[in-house]
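There are 2 protein chains.
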Amino acid sequence: RIVELLEDHFAAEAPRPLLKGKTVLITAGPTREKLDPVRYLTNHSTGKMGYAIAEEARKMGAHVILVSGPVTLKPPFGVETVNVESAQEMYEAVMKNYSDADVVIKTAAVADYRPKTVHGKKIKKQEGGQTLELERTKDILLELGRQKHHQLLVGFAAETDNVEEYARRKLAKKNADMIVANNVTEAGAGFGTDTNIVTLYKKDGSEVHMPLMSKADVARKLLAEIAHQLERDGLK
Amino acid sequence: RIVELLEDHFAAEAPRPLLKGKTVLITAGPTREKLDPVRYLTNHSTGKMGYAIAEEARKMGAHVILVSGPVTLKPPFGVETVNVESAQEMYEAVMKNYSDADVVIKTAAVADYRPKTVHGKKIKKQEGGQTLELERTKDILLELGRQKHHQLLVGFAAETDNVEEYARRKLAKKNADMIVANNVTEAGAGFGTDTNIVTLYKKDGSEVHMPLMSKADVARKLLAEIAHQLERDGLK
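First to last, the protein sequences are chains A and B. Counting in the numbering used here, the first sequence runs from 23 upward without gaps. Counting in the numbering used here, the second sequence runs from 23 upward without gaps.
Certain hints may be false.
Claimed, not checked - In silico SDA-like cross-links for lysine to any residue, where the CA-CA straight-line distance does not exceed 20 Å:
no. : chain 1 : residue 1 : chain 2 : residue 2
1   : A       : Lys160    : B       : Ala211
2   : A       : Lys144    : B       : Ala211
3   : A       : Lys144    : B       : Thr139
4   : A       : Lys56     : B       : Asp134
To be verified - Partial chain A-side listing against chain B, Cβ under 8 Å, derived:
no. : residue
5   : Tyr62
6   : Thr64
7   : Lys144
8   : Lys147
Treat the hints as calculated values from the structure; they're not laboratory data. Just so we're clear, the structure is a prediction, and the values are computed from it rather than from any experiment. Ideal Cβ positions, reconstructed from N, Cα and C, are used throughout, including at glycine.
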């Protein structure tokens, strides 16, 4: 860790401390929604995008709080990591830290639905089909948008079709400042990969296309955009 | 790997080649049952028990075929590993290798149910709840029991209650030779741990209790029981 600190400090390409003094709250990974003690609903998020952003934000001088669903990644050095499992736990951890945050970046793939009933014992299988009743989880980004005061709010949209339309709609509906959208069906984009292909949609109507690049590069570019936006907002 | 071979060979406690000339087919890990390209149903199995058995069986001289669901473990050295994702893929991989097997050990936590409809595009969330229609997957152990000729068939039962009753019923219903049962709610047993607490129920009505021990020790004890059973069956 000392070596890591020294490397950061002396690196020729050490990032500029664009986020010094800022608190950046990041969510990452999937959530797990239990049916019973054994089974759960989840999704393919591995947390790589969020962990890359957490690491780069820390290198840019930010105080980083990372709220993470269950992933196999190592907690990034120098980052305050809060581990959660369900959408409800993620909601609570995010809201608890919201007032302290200058920037919130929601990369987590939070379950939209959870089983209405969570069984305390393993459900035994029976002949024939079953019906699983699902209910909506809390929409964290929507709630953050409603309670927004000074925070810059950045959402992610992992889509398989009509990416721009969904991203623009999400930006407006959630009162977000930026939406980072990717088409998870593209090779080199989305879940589990070390690269991504994204487009950043901003509230002012502009957009920034980022072609295939490493998730670390996407993180750096996104954070630079965020830092510039914070600077512009500060001049108002 | 050469070092590993040498270590195996010269180890003071090198296991006896009890399974030399035998083919052991092992299933491990969870399965994933897709709702759409992003979401899936799964369970807490990490594959540790099955991978431990694969490794020990190989050390005892067996030819090992490991059919594995998605896990983060490294494929064991010297083991033929077949990676699958869904219950259906696991069923096909197991049946394909069944006639070659002398022993089948089913540690995988295969999904009993899968979504009736798999959506090609990400399902958009809507207001209010949803109903998910589930259908039964193929019961692999039942099918193996039906088609059994010379094979010794070992099932696992991960239960949260009435462990013995369920295990005994499973043994009879599936035409299995042994059921290894554990109560996944006990500390030190079940999913994700490096230890286990199991009871082995045999067709002859006897049982072997294994108190808290490492999954490698459970594997060795179980395989020794299997080797002795094969020997007894050979004398008939």
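Going down the list of hints, with the structure as the test:
1. A:Lys160 to B:Ala211: violated, 33 Å
2. A:Lys144 to B:Ala211: holds, 15 Å
3. A:Lys144 to B:Thr139: Not OK: Lys144 of chain A and Thr139 of chain B at ~24 Å, beyond 20 Å, violated.
4. A:Lys56 to B:Asp134: holds, 15 Å
5. Tyr62: holds, 7 Å
6. Thr64: Because about 6 Å separates Thr64 of chain A from the closest Cβ in chain B, which is inside the 8 Å limit, the hint holds.
7. Lys144: holds, 5 Å
8. Lys147: holds, 4 Å
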